[in-house]
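Chains as they are written, first to last, in my numbering: chain F, 5 to 433; chain Y, 480 to 730.
Think of the hints as simulated: they come from the structure by calculation, not from any bench.
Computed from a prediction, not measured in an experiment: that's the story for all the values here.
Just so you know, even glycine gets a beta-carbon here, dropped at the ideal spot from N, CA and C.
It is possible that some hints are incorrect.
[Claimed, not checked] Per the computed footprint, the stretches of chain Y lying under chain F, defined by three or more beta-carbons under 8 Å from a beta-carbon of chain F, are:
{"hint": "1", "stretch": "481-495"}
{"hint": "2", "stretch": "547-555"}
{"hint": "3", "stretch": "694-708"}
[Claimed, not checked] Here are the simulated BS3-like cross-link-like pairs (lysine-lysine), alpha carbons at most 30 Å apart as the crow flies:
{"hint": "4", "chain 1": "Y", "residue 1": "Lys589", "chain 2": "Y", "residue 2": "Lys632"}
{"hint": "5", "chain 1": "Y", "residue 1": "Lys499", "chain 2": "Y", "residue 2": "Lys489"}
{"hint": "6", "chain 1": "F", "residue 1": "Lys252", "chain 2": "Y", "residue 2": "Lys484"}
{"hint": "7", "chain 1": "Y", "residue 1": "Lys499", "chain 2": "Y", "residue 2": "Lys663"}
{"hint": "8", "chain 1": "F", "residue 1": "Lys128", "chain 2": "F", "residue 2": "Lys90"}
{"hint": "9", "chain 1": "Y", "residue 1": "Lys663", "chain 2": "Y", "residue 2": "Lys620"}
{"hint": "10", "chain 1": "F", "residue 1": "Lys394", "chain 2": "Y", "residue 2": "Lys603"}
{"hint": "11", "chain 1": "Y", "residue 1": "Lys608", "chain 2": "F", "residue 2": "Lys394"}
{"hint": "12", "chain 1": "F", "residue 1": "Lys394", "chain 2": "Y", "residue 2": "Lys646"}
{"hint": "13", "chain 1": "Y", "residue 1": "Lys589", "chain 2": "F", "residue 2": "Lys394"}
{"hint": "14", "chain 1": "Y", "residue 1": "Lys610", "chain 2": "Y", "residue 2": "Lys663"}
{"hint": "15", "chain 1": "Y", "residue 1": "Lys603", "chain 2": "Y", "residue 2": "Lys646"}
{"hint": "16", "chain 1": "F", "residue 1": "Lys11", "chain 2": "F", "residue 2": "Lys56"}
{"hint": "17", "chain 1": "F", "residue 1": "Lys394", "chain 2": "Y", "residue 2": "Lys707"}
{"hint": "18", "chain 1": "F", "residue 1": "Lys168", "chain 2": "F", "residue 2": "Lys252"}
{"hint": "19", "chain 1": "Y", "residue 1": "Lys610", "chain 2": "F", "residue 2": "Lys394"}
{"hint": "20", "chain 1": "Y", "residue 1": "Lys632", "chain 2": "Y", "residue 2": "Lys509"}
{"hint": "21", "chain 1": "F", "residue 1": "Lys330", "chain 2": "F", "residue 2": "Lys56"}
{"hint": "22", "chain 1": "Y", "residue 1": "Lys531", "chain 2": "Y", "residue 2": "Lys719"}
{"hint": "23", "chain 1": "Y", "residue 1": "Lys620", "chain 2": "Y", "residue 2": "Lys632"}
{"hint": "24", "chain 1": "Y", "residue 1": "Lys663", "chain 2": "F", "residue 2": "Lys394"}
{"hint": "25", "chain 1": "Y", "residue 1": "Lys531", "chain 2": "Y", "residue 2": "Lys489"}
{"hint": "26", "chain 1": "F", "residue 1": "Lys394", "chain 2": "Y", "residue 2": "Lys531"}
{"hint": "27", "chain 1": "Y", "residue 1": "Lys531", "chain 2": "Y", "residue 2": "Lys495"}
{"hint": "28", "chain 1": "Y", "residue 1": "Lys610", "chain 2": "Y", "residue 2": "Lys589"}
{"hint": "29", "chain 1": "Y", "residue 1": "Lys589", "chain 2": "Y", "residue 2": "Lys489"}
{"hint": "30", "chain 1": "Y", "residue 1": "Lys589", "chain 2": "Y", "residue 2": "Lys719"}
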Amino acid sequence: MALAQAKIDAAEVRLAALSVPESTGWAQAARADALTRLRAMGLPGRRDEYWKYTNPTSLTAPEAPRAAVFSDPNDTPVFGEIDRLKIVFVDGVFDAAASDDLEMAGIEIERLETAMQADIHWAKDVYGVLETRGQTPVERPLAVLNTACATDGVVIRATAKAAKPVSLIYLHKSDASDAILHHVVKVEAGAELTVLENGPAAARFNKVMEVEVADGGAFHHIRTQGRDHERRAVTHLFARLGSESLFKSFTMTANGVMTRNEAVIELLGDDASAHIAGAAMGDGDFHHDDTVFITHDAVNCESRQVFKKVLRNGATGVFQGKILVKEGAQKTDGYQISQSLLLDDDSQFYAKPELEIYADDVACSHGSTTGAIDEEALFYLRSRGVPQAKAQDMLVLAFLAEAIEEIEDQTIADEILARLQGWLDRRHG
Amino acid sequence: MLEIKNLHVKLEEEDKQILKGVDLTVEAGKVHAIMGPNGSGKSTLSYVLSGKDGYEVTEGSATLNGEDLLEMEPEERAAAGVFLAFQYPVEIPGVGNMTFLRTAVNAQRKARGQDEISAADFLKLVREKAKDLKIDAEMLKRPVNMGFSGGEKKRNEILQMAMLEPKLCILDETDSGLDVDAMKLVAEGVNALRDENRGFLVITHYQRLLNHIQPDVVHIMANGRIIKTGGPELALEVEKNGYADILAEVA
Chain F
5 MALAQAKIDA AEVRLAALSV PESTGWAQAA RADALTRLRA MGLPGRRDEY WKYTNPTSLT
65 APEAPRAAVF SDPNDTPVFG EIDRLKIVFV DGVFDAAASD DLEMAGIEIE RLETAMQADI
125 HWAKDVYGVL ETRGQTPVER PLAVLNTACA TDGVVIRATA KAAKPVSLIY LHKSDASDAI
185 LHHVVKVEAG AELTVLENGP AAARFNKVME VEVADGGAFH HIRTQGRDHE RRAVTHLFAR
245 LGSESLFKSF TMTANGVMTR NEAVIELLGD DASAHIAGAA MGDGDFHHDD TVFITHDAVN
305 CESRQVFKKV LRNGATGVFQ GKILVKEGAQ KTDGYQISQS LLLDDDSQFY AKPELEIYAD
365 DVACSHGSTT GAIDEEALFY LRSRGVPQAK AQDMLVLAFL AEAIEEIEDQ TIADEILARL
425 QGWLDRRHG
Chain Y
480 MLEIKNLHVK LEEEDKQILK GVDLTVEAGK VHAIMGPNGS GKSTLSYVLS GKDGYEVTEG
540 SATLNGEDLL EMEPEERAAA GVFLAFQYPV EIPGVGNMTF LRTAVNAQRK ARGQDEISAA
600 DFLKLVREKA KDLKIDAEML KRPVNMGFSG GEKKRNEILQ MAMLEPKLCI LDETDSGLDV
660 DAMKLVAEGV NALRDENRGF LVITHYQRLL NHIQPDVVHI MANGRIIKTG GPELALEVEK
720 NGYADILAEV A
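Bound-form chain Y, shown alone (with noise of 0.2 Å):
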């Protein structure tokens, strides 16, 4: 489903490479894991893939489902599925969280040609969704992540991510400022948005993620390359040995 391929990718304001040809391929229905340490362009890579300003690809090519992601605007890129969860959620004062959601879900629909949502229909299933992720009304009254604590941000990142249901899912360090109730929350969220037709790539430092959110794959990022891959294992050998050990063995 997403194949990128020999991706290299460098700032735009400076001249540094930040991804030195990344491989990977996330099928329908896996969910993939990138672990690695600091600085290794994780994050980077969640950008250029949903459409951020600041990067250049100077190399290589990203599609989904055969379409050319790395061409398209990021509203192109969200109708055409795909879906960061941010690490940092941008609180916007003034515009609605619900005012919000509903025109982001409106926009792809009609970019996808489909009819819009009425207000009813829309608002039934919003609370019901935003029920399971114990979301209450106030929440989402409130300006988009205005006065909300880390974890309400999480969560209503995976709310937003169940409304606009994506092809594939990026989730950019989820788990960063998070107790372990609200890890719990979040994963369910995730698990229960899995399903064949959908890819997920999970971000993280840290293995407890995914005891969560368990990955079909797990890959480590150094230096701007995938530099191994492997299974589930793989995440547990990281958070018994730390990146040190497999770092060395591929130097």
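With the rest of the complex left out, here is chain F (with noise of 0.2 Å):
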């Protein structure tokens, strides 16, 4: 049990370093209900399981390590061609200046503060509750630290279509930040709304997002990570979908040294549908890890997966993603891919791919893949006249266009893509 009391040991030394914030009522009684869970389970070692191909102690360290403050000055705003609501976070801040009023017609937006003050709010039944959920079969102690000690957020709440997404934008100016934020959506029956998300956020990152879909709606959700190469990033999104629901999540990552994404959803409601989809580029000692668990809980839902990483120069991916089916889910249609292109002998990827079926009735399928650069594709290229660097980013951009095609928005997609693109420039010097 030393191992079990040494993880317990690191909470309580993670959990001195920080302050939990006041809180009254429901939020309280949220906030120390994970407080008492984190300090049940510990916070994750080295030898856990779940993170046996990502090592998470700058995750869990009292201190957050340094990361230096990126910025080109060629560099355009990520989604800034896109009529948005913008909100902003400056290391974990809400930034009210910056960002736009917090109005939109069929959309309630408030700062986590402000609705965890309220006697009764619907993000009660949201904040905490998805994440608990998303503890079993496998513990995830970082998002019980987070919702324990969330410094802030903001909680969404859809009863109707979008006229636009809701941006949110997380500047990072403070080489030493440790920011922990707290997400809350919720999208009523047959409402629609966008969640976009970007910017590295702080020095280090800890974001919960809790998304509860209900019968009929659509969550669609694309994020960017931001550049800054040094910052360290824990991400959990939960889900819980409701029936003839849609749920749609695109990440891009292009550098960071610690990014591990989370994602757990549930689809609780028939003929619901989550597509869950990655596209990460890293060079060196870019290390990324993709998490995705999809319990499958109702009859006739599909769910994709879809997780493309491009290393080069020794930098690492990972992605342990499962399926599960349960008992009466019958009908389901589960489809996960993960696969990784090495630009060099040097890079590793790392991929565990489970299913775990309890239905007779499904159709599941899966895949995980390693290559290189398809040199018969590379020559045929080239030999109709397209230069060897050129020829080569047409294979990687192709390589990532099927995680690339699960954004639904054309404009949105066009934008990864000349992202995308300007990294491989970059790397051309």
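Need the complex rebuilt from these two chains, each delivered in its own frame; the hints are there to steer you.
Written out as structure tokens, the structure reads:
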């Protein structure tokens, strides 16, 4: 039990370095509950099976490792061309002056703090609730820590089709910032909402987003994680889906010495659909981990996991993805693909695809591949006059295409593609 | 235009000599056919001329209008005017046929110091040429060669050739896997490109393609060398008697 005790001790050390925000009412109860749970489970350690390929030390340490603030004068704002409602956080603190008015027809947006002060609030039924559900069968202590200690965030409730996306912008200005944000989203029956996220947020960023999509609702999520290479991030996306609802999430990650993106999605209503995709590119000490757990607990639901990674100069990619089909979840259509393209011999990709099925009338497929650039295809392109570097880029972007296709909005998909191309261009100097 | 002198080529990975002294001159405006049994080195010759990895030239030279082809990267050879119609065109998921063609056309223009072709002009040109080859708009939209039948892939090769307007067209067993109608269509596409400034090297097993693409000169290749050269009648002789007689004759 020495290991378990070490994890519990680590949690205490971490908590001692944090101040648990003062709350009242329902929020106080939610935070206290999380605190109790965290003290019982402790923080993840290197020996944990779920952290076999990603070392959690920098994410659990009491102090955030420093991360230089990155800026590129040639950079254009991410999603800058898109009409959106901007909500800005600087090193994890809401910046009202830089944000738009939190007003949109059919959409209620409040700062987490405000929602927590209300005696009765819809967020009570989601905050920490989806996160708690996501703790079985696998513990996710960094999300528990987040529920207990989150210092800021927004709660968003959509009761109609949003006229424009809500855009969460995470600026990083201090090289020692340690941010814990917690967002709660509820898409009511038949409503539709798109949430955009971009930016590195802080030297170290722990973020949870809980998303409840009611019957017939639709939620779209597109995020980019910022070019600050030294930043570290652990993020959790918890989603609970009602019948005939749609959930689509896409993440682009370029650079970052430590990124662990977890997603825990439950399909609880019949005929629901959940798609989650990621395109990651990195070199050197880039470390990127996608850990996904999708539970089918209703009839005739569909889920897709599409994760692609381009790795070079010793970069590391990790994918842990599971589809759990519960008893009675007949007619499930589950698909999972994780692929890496290694541009040299030094890079590495660890994949752990899992299927666990307790229903007999389902179609589930999964695949995982690791490979180099297809030399035959490269020669074919070059033989038509396309220069080698350009031909290689075309094949890299083609490799990522299946993930990018998961973005429904063509303008956003085009921007993501252009940013990936930019990343490649910078590699050519 | 194309001058190959005493070309010796071996495989890089294994110590196996494939070409053992090929001499060949293709003049502008002419169609040269190379026939020969399996394993004679025909496809290797096409790959070595277009710059594929895996081959080592141990002796000899190959020049296009005086420029040393063997020193150039594949894309430089393409810009210099070499085009290889592949025996097995590669499928490339995720790369759109049109994007690929336009990138290739513009890359070659850029390499030659010409302005890029505008999107509108390109589209017009591609539609025109695709129509002649009975390539529909749907095919153009798909990823390169994905879901194409054997015949469609070969027509797509000819479309690329028509768009890139090379000086030297090498056709590597373009007739393989084609039915008669598809072969006619491909041959018409090739014939439309015949002009006094362009040379062709048509590699084939069978004489039947040469009924549709009339060669000026026919070479027989065996065991890494050109063993006999003649006019179109040589192809007919092969068709009638097989390679055995010719091989015996030079042995």
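Does Lys509(Y) lie within 30 Å of Lys632(Y) when you go C-alpha to C-alpha? With Cα atoms ~25 Å apart, Lys632(Y) and Lys509(Y) stay inside 30 Å; holds.
Would you mind confirming whether the straight-line C-alpha gap from Lys610(Y) to Lys394(F) stays at or under 30 Å? holds, 29 Å
For the pair we were handed, Lys499(Y) and Lys663(Y), check the Cα-Cα distance against 30 Å. violated, 34 Å
Take the C-alpha atoms of Lys499(Y) and Lys489(Y), compute the straight-line distance between them, and say whether it is at most 30 Å. OK: Lys499(Y) and Lys489(Y) at ~9 Å, within 30 Å.
Take a quick look at whether Lys531(Y) and Lys489(Y) sit within 30 Å of each other, Cα to Cα. holds, 13 Å
Does Lys707(Y) sit within 30 Å of Lys394(F), going by the straight-line distance between their CA atoms? Judged against 30 Å, a Cα distance of about 42 Å means the pair is violated.
Next pair to validate is Lys610(Y) with Lys663(Y); report whether the Cα-Cα distance is within 30 Å. holds, 15 Å
For a C-alpha distance cap of 30 Å, please report whether Lys531(Y) and Lys719(Y) respect it. With Cα atoms ~34 Å apart, Lys531(Y) and Lys719(Y) exceed 30 Å; violated.
What's the verdict on Lys394(F) and Lys603(Y), does the C-alpha distance respect the 30 Å limit or exceed it? holds, 25 Å
State whether the coverage of the stretch 481-495 of chain Y by chain F holds or is violated, taking the criterion as 3 or more residues with Cβ-Cβ distances under 8 Å. This one is violated; 0 residues, fewer than the three required, reach chain F with a Cβ under 8 Å.
Lys128(F) and Lys90(F): Cα distance at most 30 Å? Roughly 25 Å separates the two Cα atoms, so the pair holds.
Please verify whether Lys608(Y) and Lys394(F) have alpha carbons no more than 30 Å apart. Measuring from Cα to Cα gives roughly 26 Å; hence the hint holds.
Hint violations for this structure: numbers 1, 3, 6, 7, 17, 22, 24, 29, 30, all remaining hints satisfied.
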